[in-house]
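Construct all of the structure, not just a fragment, from the sequences and the given hints.
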Amino acid sequence: MTSNPAVRPEIIDFYTRSDEAARLHDTATGTLELARTRELLRRHLPPAPARVLDVGGGPGTHAQWLAADGYTVHVVDPVPKHVSQATALDHVTAELGDARHLTAAAGTYDVVLLLGPLYHLHDKADRLSALTEAARVVRPGGLIAAAAISRYSPLLDYIATTGITEPAIQDGVRDTLDQGRYAGQRGFTVAYFQTSTELREEITEAGLADPTLYGIEGPGWVAVKAIEKYTATNLLNTAMYDAALAAARLAESHSALTDASAHILAITSTRSPKEPPARGLARRPR
509 MTSNPAVRPE IIDFYTRSDE AARLHDTATG TLELARTREL LRRHLPPAPA RVLDVGGGPG
569 THAQWLAADG YTVHVVDPVP KHVSQATALD HVTAELGDAR HLTAAAGTYD VVLLLGPLYH
629 LHDKADRLSA LTEAARVVRP GGLIAAAAIS RYSPLLDYIA TTGITEPAIQ DGVRDTLDQG
689 RYAGQRGFTV AYFQTSTELR EEITEAGLAD PTLYGIEGPG WVAVKAIEKY TATNLLNTAM
749 YDAALAAARL AESHSALTDA SAHILAITST RSPKEPPARG LARRPR
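Sequential numbering from 509 applies to the sequence shown in the working numbering.
For the record, the hints were derived by calculation from the structure and aren't laboratory data.
Take the hints with a grain of salt, since some may be wrong.
Distance condition first, Cα-Cα at most 20 angstroms in a straight line; then the derived DMTMM-like pairs of lysine to aspartate or glutamate [said to hold, decoys possible]:
| hint | residue 1 | residue 2 |
| --- | --- | --- |
| 1 | K632 | D683 |
| 2 | K632 | E709 |
| 3 | K589 | E603 |
| 4 | K632 | D686 |
| 5 | K737 | E674 |
| 6 | K589 | D527 |
Being a predicted model, the structure only gives us computed values, none of them experimental.
Here's what the structure looks like:
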C-alpha cells in the first residue's frame, strides 16, 4: 500500500465549504440516491446488532439510519468538519482517517462501507489499497459495500443541465469518458469515475469475491434533474420522483442499465481461500 498517503487538499477544501449533510435530503436526485442506497444495503446487511465501519462516511448520513436500525457504527473520514458532524449523532462514533490506512485491527468489523472513497482516488493503486484495507478489517465472510460514480454520469448530468453545449464542458466530458478522470471544473471536486466493468475488475483484483453490482438511482435520475433545473421545482414527494424510484428498481436486474445510474453499488465479501478469482461476464444481481 501507499506509505502515509495524503488526501488531496482540494478535496478537503470542497467538502469543508459544501454542505454534504444536506445533499442527500434537499433534492429529489439526492434523496433518490439515499433511498436506493439504504434499501440495497438493507437487503444484504447482517442482522443488527453488528459492527459497521463507515469509511469515508462524511457527516454520517448513512451512519445515522444504520444506528437507528440498531447497528454499532464507526465513521472514518478525512474531513474534520465531517468528523465533528458525525460525532454529534446519537450512537455514532467517528475519527479522522484515510481509507488507505485504517487504524482498525484485522477482522474487527462485520461490515465495511466504502461509499465515498473510491471516486476520490485517481490512482488505481490507491483504490486497490482502500479495497484491501476494507478486506483486512472485516471479519472473514463479512460484507463490503463499495460505491463508484458512473463514468457516464457527467455526460448525462450536463445533458440535463444543458452545460453540454459549451465547448469547454465538452472537452472535460470527453476526457472523463476516455480516462475516467474529472478535474473538478464545475460543481464538484477532483474525482475518478468508473464503469461497472472496471469496478468489478478492481474489486476482484483486490482479492475480494466477485461482486453483485447495482445501479443506484436507475436511468430516471436524469429526467428528475432536468425537470428540477427547468421548473425550479423540488420533485420530492411527487409522481415524477416515484416514477424514477420505480424505474431504478425495475432496471437493477439488467446489467446494460447499470452504468446509466449516477452511482454504482458493489456488494462483495472476502474470498474463501479455496475460491478462485472470478472470471467471465457480469452476472445479474441476486
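Results for each hint:
no.: 1; hint: K632 x D683; result: 17 angstroms, holds
no.: 2; hint: K632 x E709; result: 11 angstroms, holds
no.: 3; hint: K589 x E603; result: 11 angstroms, holds
no.: 4; hint: K632 x D686; result: 15 angstroms, holds
no.: 5; hint: K737 x E674; result: 17 angstroms, holds
no.: 6; hint: K589 x D527; result: 10 angstroms, holds
Violation of the numbered hints given earlier is absent; every hint is satisfied by the structure.
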